[in-house]
Amino acid sequence: MLSKAKTIEAVERMEKLFPNAHCELNHETPFQLLIATILSAQATDKGVNKVTPKLFAIYPNAHALANSEEEVVIECIQSLGLYRNKAKNIRLCAQQLVEKYNGEVPRTREELVSLAGVGRKTANVVLSVAFGLPAFAVDTHVERVSKRLQICKQSASVLEVEETLCKKLPKNKWGKAHHWMIFFGRYHCTARSPKCQGCPLLDLCAYGQKEV
1 MLSKAKTIEA VERMEKLFPN AHCELNHETP FQLLIATILS AQATDKGVNK VTPKLFAIYP
61 NAHALANSEE EVVIECIQSL GLYRNKAKNI RLCAQQLVEK YNGEVPRTRE ELVSLAGVGR
121 KTANVVLSVA FGLPAFAVDT HVERVSKRLQ ICKQSASVLE VEETLCKKLP KNKWGKAHHW
181 MIFFGRYHCT ARSPKCQGCP LLDLCAYGQK EV
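Each residue of the sequence shown is one higher than the last, beginning at 1 in full-length UniProt numbering.
What the hints contain is simulated information worked out from the structure, not anything from laboratory work. Built from N, CA and C at the ideal position, the CB exists for glycine as well. Any given hint could turn out to be false.
[What the hints assert, rightly or not] Mimicking PhoX-like on lysine-lysine, the simulated pairs with C-alpha atoms at most 25 Å apart in a straight line are:
1. LYS88 to LYS100
2. LYS6 to LYS153
3. LYS171 to LYS195
4. LYS16 to LYS100
5. LYS147 to LYS167
6. LYS195 to LYS176
[What the hints assert, rightly or not] Label pairs and their computed distance ranges (CB to CB):
7. ALA64 to PRO170: 22 to 30 Å
8. GLN150 to ARG120: 19 to 27 Å
9. LEU17 to GLN42: 22 to 30 Å
10. ASN61 to LEU17: 53 to 61 Å
11. ARG107 to ALA57: 24 to 32 Å
12. THR44 to LYS6: 30 to 38 Å
13. PRO170 to GLU70: 42 to 50 Å
Could you put together the complete structure from these sequences and hints?
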């Protein structure tokens, strides 16, 4: 298992590779980020970014989406997988925001996960990206990288991966480290054909050393 010090070193090397890593879901407000993140389940950020301009032009805030017609929402997002279920969830989520929070996005994980379509990962993305609060969202890229580098156990659940990363990394780096790890996993340590040869983390990575 990678030690705390080596985990910090690994993440800092990812930063050097991707110093401008950031959230790739286009949004202008916490509400738009929340909706985009819900839509990103089992979809790519690029796919979501293709549908949200039209969606947000018609429904820029929670009040507008809460009063939407389901068929219009479906028309906007139907290029995404699970679009009918997602349309139902984002409309209900908007209605809950209006009813419980006057249309504003809440700032606690407990409140966020009470909303339709919002799980822990989505809540953590919103807390970190929209509000700058310490939270570590674990997606497939973060999980894969964490396990390949043996930051956590191969058998670790998503929650266990999150807990391990939060223990091994300083709280003030969680938000940025989340993006560095995503970019590293999305563009370098890919699921298929990872770029192990010449990787700047190779000396820390047992998986990569077996591949080269």
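Results of checking the hints against the structure:
Between the alpha carbons of LYS88 and LYS100 the distance comes to roughly 18 Å, so the proposed pair stays at or under 25 Å and holds. As the CA atoms of LYS6 and LYS153 are separated by approximately 15 Å, the hinted pair is consistent with the 25 Å bound. A C-alpha spacing of about 29 Å is found between LYS171 and LYS195, which places the hinted pair above 25 Å, so the restraint is violated. About 42 Å separates the Cα atoms of LYS16 and LYS100, which puts this hinted pair outside 25 Å; it is violated.
A distance of roughly 15 Å separates the Cα atoms of LYS147 and LYS167; the hinted pair therefore holds under the 25 Å criterion. With a C-alpha separation of about 22 Å, the suggested pair LYS195 and LYS176 falls inside the 25 Å cut-off, and the hint holds. Taking 22 to 30 Å as the suggested C-beta distance range, the pair ALA64 and PRO170 does not conform, at roughly 40 Å. Checked against the given bound of 19 to 27 Å, the beta carbons of GLN150 and ARG120, roughly 23 Å apart, stay inside it.
Remark: the range hint 22 to 30 Å for LEU17 to GLN42 is upheld by a beta-carbon distance near 27 Å. Judged by the Cβ atoms, the range 53 to 61 Å given for ASN61 and LEU17 is violated: they are separated by roughly 37 Å. Remark: the range hint 24 to 32 Å for ARG107 to ALA57 is upheld by a beta-carbon distance near 26 Å. Evaluation of the 30 to 38 Å hint for THR44 and LYS6 yields a pass: the beta carbon distance comes to about 31 Å.
For the pair PRO170 and GLU70, the beta carbons lie near 44 Å from each other, so the given range of 42 to 50 Å is met.
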